[in-house]
Structure formats: structure tokens, C-alpha cells
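> Residues per chain, in single letters:
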Amino acid sequence: MITFKLNGAAVSVDAPADMPLLWVVRDLLGLTGTKFGCGMALCGACTVHLDGEAVRSCTLPVGAVGARAVTTIEAVGSTVAGRKIQSAWVALDVVQCGYCQPGQVMSAAALLAAKPQPSDADIDLAMAGNICRCGTYNRIRAAIKHAAQEA
Amino acid sequence: MSCHPLPAEVPDALSRRAFLKLGVSVGAAVGGGLMLGFSLPVSGRGRDRVPAAMSVIAGDGIDTPQAGVFSPNAFIQIDADGIVTLLMPKVEMGQGIYTAIPMLIAEELEVALDAVLIAHAPPNEALFKDPLLASQMTGGSTSIRYAWEPMRRAGATARTLLVSAAAARWKVDPASCHAERGEVVHGASGRRLGYGKLAGAAAKLPAPVDVTLKDPRNFKLIGSRARRLDAPEKVAGSAVFGMDVQVPGMVYAAIVSCPVYGGSVLSVDERSARAIAGVRQVVRLDNAVAVIGDHTWAAKRGAAALRVEWNPGRGAAYSTAAMRQELRAAVQRSGGVARKDGDVVAAMRSAAQRVDAVYEQPLLAHATMEPINCTVSVTADGCDIWVGTQVPGRAVGIAAAATGLAPAKIRLHNHLLGGGFGRRLEVDFIGQAVKIGMQVPVPVKVFWTREQDIQNDMFRPYYYDTISAGLDAHGKPVAWQHRIAGSSIMARFAPPLYHNGVDPDAVEVAADLPYALPNQLIEFVRQEPMAVPTAFWRGVGPNRSTFVVESFIDELALQVKADPVRYRLDLLTHSPRSREVLQAVARMAKWGTPLPHGQGRGVSVMEAFGTFLALVVEVAVNPAGEVAVTNVFCAVDCGMVVNPDTVEAQIQGGVIFGITAALYGEITIENGRAQQSNFHDYRMLRINQSPPIAVHIVASAEAPGGIGEPGTAALAPALTNAIHAATGKRLRVLPVGAQLQTA
Chain V
259 MITFKLNGAA VSVDAPADMP LLWVVRDLLG LTGTKFGCGM ALCGACTVHL DGEAVRSCTL
319 PVGAVGARAV TTIEAVGSTV AGRKIQSAWV ALDVVQCGYC QPGQVMSAAA LLAAKPQPSD
379 ADIDLAMAGN ICRCGTYNRI RAAIKHAAQE A
Chain L
490 MSCHPLPAEV PDALSRRAFL KLGVSVGAAV GGGLMLGFSL PVSGRGRDRV PAAMSVIAGD
550 GIDTPQAGVF SPNAFIQIDA DGIVTLLMPK VEMGQGIYTA IPMLIAEELE VALDAVLIAH
610 APPNEALFKD PLLASQMTGG STSIRYAWEP MRRAGATART LLVSAAAARW KVDPASCHAE
670 RGEVVHGASG RRLGYGKLAG AAAKLPAPVD VTLKDPRNFK LIGSRARRLD APEKVAGSAV
730 FGMDVQVPGM VYAAIVSCPV YGGSVLSVDE RSARAIAGVR QVVRLDNAVA VIGDHTWAAK
790 RGAAALRVEW NPGRGAAYST AAMRQELRAA VQRSGGVARK DGDVVAAMRS AAQRVDAVYE
850 QPLLAHATME PINCTVSVTA DGCDIWVGTQ VPGRAVGIAA AATGLAPAKI RLHNHLLGGG
910 FGRRLEVDFI GQAVKIGMQV PVPVKVFWTR EQDIQNDMFR PYYYDTISAG LDAHGKPVAW
970 QHRIAGSSIM ARFAPPLYHN GVDPDAVEVA ADLPYALPNQ LIEFVRQEPM AVPTAFWRGV
1030 GPNRSTFVVE SFIDELALQV KADPVRYRLD LLTHSPRSRE VLQAVARMAK WGTPLPHGQG
1090 RGVSVMEAFG TFLALVVEVA VNPAGEVAVT NVFCAVDCGM VVNPDTVEAQ IQGGVIFGIT
1150 AALYGEITIE NGRAQQSNFH DYRMLRINQS PPIAVHIVAS AEAPGGIGEP GTAALAPALT
1210 NAIHAATGKR LRVLPVGAQL QTA
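Heads up: the protein sequence lines correspond to chains V and L, in order.
Going by the numbering used here, the residue at position 24 of the first sequence is 282; the numbering climbs one at a time, nothing skipped.
Going by the numbering used here, the residue at position 344 of the second sequence is 833; the numbering climbs one at a time, nothing skipped.
Extracted from the complex, chain V is given alone in its bound form (with noise of 0.2 angstroms):
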């Protein structure tokens, strides 16, 4: 059994150690909001938070999670800057077939706690490991700037 602290809560889960986190909060703990896109790290859609860091779960095994937190889409909407990147997607309308989306709320999530005001060079390089397929890009960067000016 591998145990680890997943959006607040211990879990444990009786899975391989180099079983990618991806599949353990997916197929383990049913836990469907963090997405497979390439499985390689390439496209962001399995992004999620390690104390408050973005990662990519389909290349993480889950015993290398350790004592860090892992945070998903399904709670990162109780921190402060989950909360205001989520209402900024829902008032700018950013999303369009919505797959890629929980992907991008974790990476601008993540940017906005580590930079409250970022950059449209911070959102280049925060965001680069997310594709949207359907090319959502220019409102990604509006939301996240909405976002940045919510008190």
C-alpha cells in the first residue's frame, strides 16, 4: 500500500510504486478531473499540484509522490489562486471542448500563487506545457490577467 496526502486528505491505495499518479487518482480513487492527453509530458492535460507546484501525474510514479501534497482539479478551487483562476475561466468564457481545461487551471493556478502579477512572459512560460486543442490561447492569457486583478 502506498500512501499519500491527495487534496487534503490521506489516501491510500494498494498500487505499484511506478505506477504513473495519473491513473492512481483516476482509475483508483475515481478521481476523473485530471486528464490523459500524450501520457510523455508533452500537452499538460494531467497537470497537477505538488505542494502547490505544477507537475505532470502521467510521468509521475506515485512512489515518488513521498510526503508532498497532491492537489487536482477537484479541490484546487479552495485555494485562493485556484478559486480566482476558476472564476476567471467561468467569466471570460475560456473553455470550448473543455478537455484540456483542468490541465490549464492547475498550470495558471500554480503561477498565479508563485506570481500574483504575472507577466504575458511569466503566462509564455507558465502555460507552454499546455496545449488546447481547440485554441483557447488568447482567452487562457485574459483570464489568467482577469484573474491577477481580483482582489
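Since the hints were derived computationally from the structure, they do not count as laboratory data.
Hints are not guaranteed to be accurate.
What the hints assert, rightly or not - Pairwise CB distance ranges (calculated): (1) L:ALA556 to V:MET298: 50 to 60 angstroms; (2) L:PRO1133 to V:ASP382: 25 to 35 angstroms; (3) L:GLU1159 to V:ASP382: 33 to 43 angstroms; (4) V:MET298 to L:HIS988: 37 to 47 angstroms; (5) V:GLU311 to L:ALA890: 20 to 30 angstroms; (6) L:GLU798 to V:MET298: 23 to 33 angstroms; (7) L:LEU702 to V:GLU311: 52 to 62 angstroms; (8) L:ARG1055 to V:ASP382: 29 to 39 angstroms; (9) L:VAL931 to V:ALA275: 22 to 32 angstroms; (10) V:LYS403 to L:ASP1052: 56 to 66 angstroms; (11) L:ALA764 to V:ASP382: 39 to 49 angstroms; (12) L:ALA810 to V:ALA372: 42 to 52 angstroms; (13) V:LYS403 to L:GLN842: 47 to 57 angstroms.
Beta carbons: idealized from backbone N, C-alpha and C, even for Gly.
Given chain V's structure and the hints, the job is docking chain L onto it.
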């Protein structure tokens, strides 16, 4: 395929049982009402509520219609509590239709948009057929064109009956009552009754013979920005795509597919796969092997450990080079005539000068963000399918064929689509999943990895076009000859529509140019690739044709030293709406003002999908030959607009989709195998490469046009025209790729 009716390949999949369960009536008769088991909320009724997932996974409802539910047509149900549930005849794949259709209904039904619940429609060709596509299908940018009138009529019918029910209860003239925000109001007395309290009585009334639709001047919702109803759950991670389906007892199937299309399994060594903890079973199909595991990871590891020998079949040595050779030979043949105006040969002979060009466009994968997946449960007396599909009826058809079950025994549970782009018009993967499910004793989720999703895609065809123009002494084209060689998707997808050797999709735009051209000959030569399956791809025929004609018209303008915008305007004498969008975009982009060295502007204009659209793209090309798109401007006339916010979003997204394809998009084949596999070698535009995209919507009272595809379809020529302006180099082969790079 934007306006060609497709035959219904799949017979009406609706069983009497399902029909009764649905409890709705064809036409205007009032049904008994029912509760739909598959309806779950899309939008929260309270501001802070995170709504439940919007798809159900267990069963399709309650058998007996529930008394007191008002369901005057297939699209609307109102229960005794006043809860309004709208059944969507189109699927949501990002295009915003789950907001636009509720807007159309709510406009006439007089309910608040944020109070409605939304449900996916089950397969039912009789109830949900789109006449533009002759099928229950979502594609070809037809959804709003289809929905515009019938959805408003559905809302008006329901409202009329609710008003009648209230008037009867109050014993007043219905004309003295009106509906507003989910209530009927008697103006003189001030009496009000909510729709829920009227539902039971309204359900017993005969359908109105005719209803009056609002004058567009009185629209309250249509034409104003509405927030997407599906946004909250998509942002919260609770929206349920096919990939997210969880069925009790479900196992997972990873696929190892024959790397060559048309090949088959020779032998399988299962031992290593079976040794992996969590692997349960290995299932063989003709052209693939599935490893069944307790979770995705076990199945994936099992698939990686599997040793399969293949018979690659006749495609074993096939390549892009061979395909190009076939197309170059094919384009020498005369083809099916799509359009013939005047006498091209004589006009070409008498022309002052002649311009010829060859254009090539590559195979493209769809690469939806949600990889291909399908969950099935097959038992002796039925088959359940959980999937996101653009073609529910075809999905039932292939499952019925695979299982031998009657269509009535196939229960399809449709879901949100994590991108469609034409990929989910195909049911190859649904047939595969059902065949696997027939050999697995429990429900099974079949998923493709990204590598399989790209390499086993059904690709946008490779096209090879020759085009020639004869110009008169003033530089105007007097002869125009265009021959298109490529696969006919329509010949496979809807065979009756391929006739006289013409694929009506492939020649769209090419055979209906907005320009006034006196002598034209447009031909199609069908040349199927030996071992490459082909399919529709966002922008469909207009995408491929607009690249050729809007590049070539630019070449003609530059040949006679004319300004590309001016040259087009002079030829758009018969298309005032095209002229208007072209002039509008030229103003937006400050066309004609200087740009720094190494930068350039390009333009394109297109009429397709019932929409008129013009783009200006600005590029910067650095000394190394790398291209950056720095700005995009779009003016669009798509007729009357339902949700302007969605129009802007679809243009912006379509443009990004088009830039990705124009700069990077290319699948190549070697030894019968697709060479690209994931996002490192099948690249997508990323946020740091994305330009600002300004969209101007031209006000219009014309009928609505499609908006999901135009932005993509018109993008590539504006981009390559801009590259020419920046560098003097004309790119006639897509993608841009490394063609300009010096190192």
C-alpha cells in the same frame, strides 16, 4: 459537406420500447410526458454550486412515463416542479451548441437560460435528424443552420400550450396572457402560474396548429452574449467525457494495433503480458490485440510486453513518396466535372498571359485532446456503449453489426466530446470496442494511447491540385482551370453523394468561387491511397480548396502587380457579402501600411458553410527562416448571430487550429507506417506562439451560417500569402515546416 444531404446509412435505431420510454411524440402531438433517466444538470441553479456530472452511466431511464410532465416535443420537458430539461439534438464538442440551442429554445419558451438542465439525445434518427446532413449527426458546421428555426418553434409550441393551459384555468382569453421567466401571467388581473403548475394540464392539450415566432427585433437572448452553460463543470473538472466514464466492475483494455493499415495479426506471445500484475486477459482481433487489465497502467504495461507478429498486408512498403507519385499521375487524367462554365480552352488560347501552379496538402491527423476511447458492456441480451460520438446512429449500426443484436438492443450513452474535428464522425473504434467487449465478461473501457490515436487515425487525405488561369490584357482572369486529385471521403462515407466522378466535398469552394470568372472548368480525379484510411477533418472541403484558390488568386494579383485586396474586390462583383468582409478586414488590419523588414501581411476571403469570412494574417520571418504569426484579423458575416461570444471563440479557435496545420501539420508514411506519434513530432501551436486574434462580426439579417470551420478553412492561404509578402517566397506545399529554413 456543409450543405450536401447525407443518406441515413443506419436505419432508425429507435425501438418501440425506447420510444415509449422517451415518451415523446413525433410531430406536434402531445406526449404523455416522462422523466428522462439520462438527464443530469449541466448548469448549476445556484451560483456557488458545483453541478453534478452531466452524463449518466447507468441505464437510460424510467420505464413508465411520469404523470404531470409536459413534453410537447422531443426537445423540451417541464416537470411538476417547473424544472425545464432540454434534450440536445447535436453533440457538444467545444463549438458551444449546448449553449446556443438552449438560447434558441429559451428565447421562445420564456425561461431563464441559467435555469435549464441539459441532456444528451439518444440515437433516434426520426426525432433528431438534421435535414442538412440527412442524419442525426454533428458536423459540417450545420448545427445552428439546422437548429435556428425548429428549436425556436419547439419553444414557441411549448409556450403556446402553457399559456393555453393557464388561460383555461383562469377562464380568460389566451390572448390576454403572456409568458415570462417560467410563468404565465394574466396582465389584467396580475395572476401568475409557474410552468410546473401548468405542466400537467398543458400535457393534455392538443398541439397548436401553428405558432408565431418572435420578430427578431424582440429577441432578448438571441444575439446577446450568453455564458456557456457547460463552462462551470468543465472548469471544475466534473464534466464527464467518454474517457471519464466509470461503470461498476469495469476493466481497461489497452490496444496494440497493426502498424500498417489493412494488415492482420499473425501470432501473439502473451506470456510476458500475462505475467504482469493486474493483467487479466488478452483478446485477439483481426488487426489488433487488446490487453485487459484492472486499471489503465496494468493494461498499458501488458500491451508493451506483448509480442505480436503481423502480416502487414499489401501496404507494407507504402510511403508518402509512392502516394505522391500516384497523385501526380492521377492529376494528368481528366476527372469528373464539378463545374464547367463557358469555354475554358478557347479562353485560355486567347488570353494575354497564362499562369500555372501545383499545390499539395499533406495527410493530417485529428489529434483531439481526448484520445480515442469507448466503454462497452456486452451481454447476451444487450450492448451498452458509453462514448462521445458525432454520429449516434452509425455507432448503434456498427455495434449491431458486430454483435448480431437488433439495434433496439444497443443502448448508446453519448457524452461530451473532448474535441471532434471530424474524428468522431467515424465509428471504427466503436466497432473495435464492441468486438473486444464481446470477449470480456465485464464492462470494459477501451482506450488508445496518444501514439495510437495519431498513428491509427483516419487521416485528412493528401491532395494534389493543378490550377491554371488565363489573364486578359488588364490582368483579369478570363479562363480558370482547376483539377483536384485525391481520396474521396464521400465515396466511403456517403456513397450516393459521390457521383459522376465528383466528390462534392472535395470540390466545395473550388466549384463555387465568389469571384466572377467567365470560363471555368473544375474537375475531381479520385485516387485512393493504397493503405491509408481517410476521413473528414475540420474545415473539410473548403479547407483544402480555399488554400489553393486563395493562394492562386494572390499569385495572379502579384503577377499583374495589383494589390491583393484590390484585385479580389474587382472580381467580387457578384458577392456583396464577400466584398464587405474583405473591406472590413482590410480596415482592421490597416492593409497597405508599411511593416518592418521581414514581416508581411496576407489576405484570404471565403464563402462557405453559409458564412462569409475574410482574414488578414501578419507574419514575421527571422533570418533563420522561422515563421511567427504575429497578428490575425478576421471579419465575418455569418448571418444572424445566436451567441456573439461563441462566434468570436470559434473564429479564434479555428484560426489557431489552422495555424497549427499550416505551420506544422503533416503525417508521413514510410513502410506503411505513420511516422509521427505524439506531440513532439506532431506539433501543436502553443500559447507562446499564439497571436492576438481580432474578430469583427458584420451585422446581418441573413439566415445564420456555420461558424465552427470557417476560421480554420480560410487560414492557410492568408498565412502563406503573408510569408510571400515577407520573403518573396511562394509556398505551394503545406505545411510550411522547414521550407524557409536556411540552416
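> Hint by hint, which ones does this structure get wrong, listed from lowest number up?
Hints 5, 10 not satisfied by this model.
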